[in-house]
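When you get a sec, could you build the whole thing from the sequences and use the hints?
Chains as they are written, first to last, in my numbering: chain A, 1 to 114; chain B, 1 to 537.
Please keep in mind that the hints were generated in silico from the structure rather than gathered at the bench.
Just so it is clear, CB atoms sit at the ideal spot from N, CA and C, and this is done for glycine as well.
Please note that a few of the clues may not be correct.
[Claimed, not checked] Pulled from the structure, derived: some chain B residues nowhere near chain A, Cβ distances all over 10 Å:
| no. | residue |
| --- | --- |
| 1 | R29 |
| 2 | M53 |
| 3 | V55 |
| 4 | E142 |
| 5 | L153 |
| 6 | M184 |
| 7 | V284 |
| 8 | E358 |
| 9 | L426 |
| 10 | A431 |
| 11 | T459 |
| 12 | I482 |
| 13 | M524 |
[To be verified] Which residues of chain B face chain A? A few of them, derived with a C-beta cut under 7 Å, are:
| no. | residue |
| --- | --- |
| 14 | L68 |
| 15 | L158 |
| 16 | L165 |
| 17 | Y186 |
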Amino acid sequence: MELILSLGIGVLTGSGVWLLLRPRTFQVIIGLSLLSYAVNLFIFSTGGLRTGAEPILEGGRAGNLAMHADPVPQALVLTAIVIGFATTALFLVLLLAARGLTGTDHVDGKEKSR
Amino acid sequence: MTGWMDHLTIAPIVLPMLAGAVMMLIDERQRTLKAVIGMASALALLGLAILAMTVADSGAAGVRVYRLGDWPANFGIVLVLDRFAALMLVLTGILGVAALLFSLPRWQKAGAHFHSLFQFQLMGLNGAFLTGDLFNLFVFFEIMLAASYGLALHGSGLARVRAGLHYIAINLSASLLFLIGVSMIYGISGTLNMADLAGRVAGLAAEDRGLLEAGAAILGVAFLIKAGMWPLGFWLPNTYSTLGAASAAIVSILSKVGVYAVLRLWLLVFGDGAGASSGFGGTVLLVGGLLTIGFGSIAVLATQNMARLAGASVLVSSGTLLAAIGAGQLSVTGGALFYLSSSVLAVAGFFLVVELVERGRAVGADVLAVTREAYGEGDDEESDDGGAGVAIPATMAILGIGFMSSALLLAGLPPLSGFLAKFAILSPLLAAGPDVPVTTWVLMAALVLSGLATVVAMTRAGIDAFWASPSEEAPRVRVAEIAPVLLLLALNVALTVQSGPAMRYMEDTARSLHAPRDYNGAVMSVARTPGTMGGSQ
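So this is what it looks like as structure tokens:
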């Protein structure tokens, strides 16, 4: 499971960075989205990878991370998803505004010398 | 936790949130009402910040811990008010009042929801300064940045959208780095509370130490992008120069938030108590700071545009701060904090002055045949707002005084506080011992040369604007626009005159930052006594 997850994070990050460095605004926003997926998976993995761990403490037993899933990374990833979604939406609006004002989808607002 | 005073710690976050939220509901045409609410909130915030400063400065146990939801600190999120946080709150409060006052005659009309965005900006800033939890710091960073995206685009226009596109893309990437760093630190240490983390670093196993340091380094990159350290700061002058002046005055403190986070976390986590990790990354800060001063000085000299000059001087002040922090000495940090206060006020004042001066030059811009596309819109609104205030006489004289004082402050020449601040950084470095290390000489040379570069550039721009410019009529400037400039300058003069008490406060702050026992003790001791606070019901 570790291998699959780390490969997934690696592929998402690699594609994200590649797209982020491209000159078109649409590629940049897709790159940022892929990167944020990779980061979310990464946060999730910091709690340790296990299957079948109980999510909630049972009554009468002391909490112990050996028996239960770590709730903190799940809370973090939820927050990160919400914030990432909001900022991506904001960025998307700006891309549309830039497209309308500059007449091109180049990130610098003008095509390279033609 | 009874009584209203206990909620002082969270009030600077809740107040602007409520004010901003209420103003979202009010119709955009009722500008006077919005301005009144916004101004009342900004003034109340300044009052709260000053109150917080007196509380934090009273006695040794000035650290106040506020537990959200009354959870113990190792489970829940804490807000911590100490001297450093209170200092930053006061600076934010001052800039908030000044920038909002400046915006009233003109800038608030340039786009929708200016007042709400402004309040959310203040909320994010205050929250970032008060929080004692790494992930909560991320959340407040995002609030602050989201509001700053709005303010950066306020007034719209081609130049702003173009620069805003880069600004947002870079900051979104920085936020992702922030998340990676935070989650690595959590994965290794098992905590997000800064004080708890500081306690656990020394006891880490040797094989985990490298990963924690890598996580901290990634986190540091995210902060240094905000601060504009050399290879990470190319976006900064470009973005800042296209901002509207009122936005620029408040957004200019964002670079200092990066410096704040570095100073707070670095000294807390990698201070003397960190065992093998003690002092990790200090050289990077010092060298990076020096390179930033160098790059900023070149940018200051190279620029033709006054707004870009202001942006470049932000870089110089960031570099000076990072280099002084990287020196890692207690007495130098005190000077750095003094420099921080002085430069925050000076840079914000300079952004405001520049806008007023450029406004006058826009009349004769075609004569000068200089393309200033960063400033090109909004002039047509000027004619119809005659009722907003009277145009003051001797405008150019007052603007000239403002410009000259800003130049003195930013260059660090006597008699104003910029000089005292640079002196306070350099004198303990030289007094440290008989053999002064090479880096100290380099830092000294960098500070002096960057001052020289600023003087040259400012003189050139000043002669161009005030003496050589053939503008037929003085710019129309309202009292509400010149007042914040004079307010910021007067505060810098006050900082100069009262430099004794101010320096005493800064040195106390530096002492508690370098020996964070009080901070850690306050946060963690509250954690050990759960249940005792529930008696208020």
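Hint by hint, here is what the structure shows:
Distance check on R29(B): its Cβ is at least 23 Å (rounded) from any Cβ of chain A, clearing the 10 Å threshold; non-interface status holds. The claim that M53(B) is not at the interface with chain A holds, since no C-beta of that chain comes within 10 Å of its own (minimum 31 Å). Every C-beta of chain A lies more than 10 Å from that of V55(B), the closest at about 30 Å, which supports listing it as non-interface. Separation of E142(B) from chain A is inadequate, the least Cβ-Cβ distance of about 5 Å not exceeding the 10 Å criterion.
Look at L153(B): its CB is around 7 Å from the nearest CB on chain A, not clear of 10 Å, so calling it non-interface is violated. Against chain A, the non-interface label of M184(B) is violated: not every CB pair exceeds 10 Å, the least being about 7 Å. Listed as a non-interface residue, V284(B) keeps its Cβ farther than 10 Å from every Cβ of chain A; the least gap is roughly 23 Å. Here E358(B) stays apart from chain A, with its beta-carbon at least about 22 Å from theirs, past the 10 Å limit.
No beta-carbon of chain A comes within 10 Å of the beta-carbon of L426(B); the shortest separation is about 41 Å. Listed as outside the interface, A431(B) is consistent with that label: its C-beta sits roughly 45 Å from the nearest C-beta of chain A, beyond the 10 Å cut-off. Against chain A, the non-interface label of T459(B) holds: every CB pair exceeds 10 Å, the least being about 33 Å. At roughly 33 Å, the least C-beta separation between I482(B) and chain A is larger than 10 Å, which holds for a residue marked as non-interface.
Consistency note on M524(B): stated as away from chain A, and its beta-carbon is indeed over 10 Å from all of that chain's, at 18 Å minimum. The closest approach between the C-beta of L68(B) and any C-beta of chain A is roughly 14 Å, which is over the 7 Å cut-off, so the hint fails. A cut of 7 Å between beta carbons decides the hint on L158(B): the least distance to chain A is about 5 Å, and the hint holds. The beta carbon of L165(B) comes within 5 Å of a beta carbon in chain A, closer than 7 Å, and the hint placing it at the interface holds.
A cut of 7 Å between beta carbons decides the hint on Y186(B): the least distance to chain A is about 6 Å, and the hint holds.
Violated hints, in rising order: 4, 5, 6 and 14; the structure is consistent with all others.
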